[in-house]
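Based on the sequences and whatever the hints tell you, model everything.
For the record, the sequence lines run as chains A and B. Using the working numbering, the first residue of the first sequence is number 540, and each one after it goes up by one. Using the working numbering, the first residue of the second sequence is number 540, and each one after it goes up by one.
Note that these hints are calculated values from the structure, not bench results. Warning: the hint list may mix true and false statements.
Remember, identical chains collapse to one label, so a pair may be satisfied in a single copy or spanning two.
[As the list claims (entries may be wrong)] Under the rule of at most 30 Å between Cα atoms (straight-line distance), these lysine-lysine pairs were calculated in the DSSO-like manner: (1) K597 with K679; (2) K609 with K679; (3) K609 with K597; (4) K586 with K642; (5) K557 with K586; (6) K664 with K609.
Here is how the chains run, residue by residue.
Protein chains: 2
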Amino acid sequence: MRRRLYEGFLIKMSRKSKGISAERDLLHKFWAAGWACLRAAGSGSMKYPCVDLIAGNKLRKLAIECKTSKNTIKYLSKEDIDQLKAFSGLFGAEPWIAVRFYKTEWFFVSIEDIRQSGINFAIDKNIITLKGLLFEELIK
Amino acid sequence: MRRRLYEGFLIKMSRKSKGISAERDLLHKFWAAGWACLRAAGSGSMKYPCVDLIAGNKLRKLAIECKTSKNTIKYLSKEDIDQLKAFSGLFGAEPWIAVRFYKTEWFFVSIEDIRQSGINFAIDKNIITLKGLLFEELIK
Numbered sequence: 540m541r542r543r544l545y546e547g548f549l550i551k552m553s554r555k556s557k558g559i560s561a562e563r564d565l566l567h568k569f570w571a572a573g574w575a576c577l578r579a580a581g582s583g584s585m586k587y588p589c590v591d592l593i594a595g596n597k598l599r600k601l602a603i604e605c606k607t608s609k610n611t612i613k614y615l616s617k618e619d620i621d622q623l624k625a626f627s628g629l630f631g632a633e634p635w636i637a638v639r640f641y642k643t644e645w646f647f648v649s650i651e652d653i654r655q656s657g658i659n660f661a662i663d664k665n666i667i668t669l670k671g672l673l674f675e676e677l678i679k
Numbered sequence: 540m541r542r543r544l545y546e547g548f549l550i551k552m553s554r555k556s557k558g559i560s561a562e563r564d565l566l567h568k569f570w571a572a573g574w575a576c577l578r579a580a581g582s583g584s585m586k587y588p589c590v591d592l593i594a595g596n597k598l599r600k601l602a603i604e605c606k607t608s609k610n611t612i613k614y615l616s617k618e619d620i621d622q623l624k625a626f627s628g629l630f631g632a633e634p635w636i637a638v639r640f641y642k643t644e645w646f647f648v649s650i651e652d653i654r655q656s657g658i659n660f661a662i663d664k665n666i667i668t669l670k671g672l673l674f675e676e677l678i679k
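Quick look at the structure:
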């Protein structure tokens, strides 16, 4: 029992560290492009709506939810989307979802561009590579 | 030796958790006032300029460095000030230093309002309670 708990903990930590590593990758891209960017602390554990990254320059502010997937469809919970909307609305930032599929670059989509699948939302690898913006297009 | 290292670690962690607790206190005040606010992850450990908190509404964005002190003078390093300036300049936010002394409320000062003391900067409790803005004045 204890062993199973420990294994569960390791899987959870491994997922968390992969998430952080993806966020950091994007953070480096923003700084390299001359934008300021921050990762949010405790984004999953606060009682307030939160996002993973916030990036800004003198003209624009972006609130970003980061997702990665090894499959061809990435599901997002309604809560993820609601938090992104709520935070961006209050802060005064553009809401963006950043997704990186296996062996693709980062693609950026707005909330209107993802399809609802039951109570959740889904992003298809094939659709996002057509509809999504590349990093260079996003910051243009 | 090992014991001393462990005690040093505990003191460092205790300082860190006090810092986080002060940042959270301020974060709650912003949300309660209808602003969105984020704590930055790893603000002391990234290679980029960073701040402790970022708060925003549709009109204003604030980059905030938080400090607390039990003494009557709080010293800030030149690096703290340089990071606050650099981040705010790139992100397009107003730079603010939030200070809470023992048994006082939070006071907010801009960089021009703190005096340089050798290579560092100093904030006097008596001066800040006259010159600094209260939270309610800051967000007005």
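How the hints compare with the structure:
1. K597 with K679: both (13 Å within a copy, 22 Å between copies)
2. K609 with K679: within (28 Å within a copy, 47 Å between copies)
3. K609 with K597: So K609 and K597 fail the 30 Å test inside a copy (35 Å) and across (37 Å) alike.
4. K586 with K642: between (34 Å within a copy, 27 Å between copies)
5. K557 with K586: both (23 Å within a copy, 20 Å between copies)
6. K664 with K609: Within. Shortest intra-copy distance 10 Å satisfies the 30 Å Cα cut-off; inter-copy 54 Å does not.
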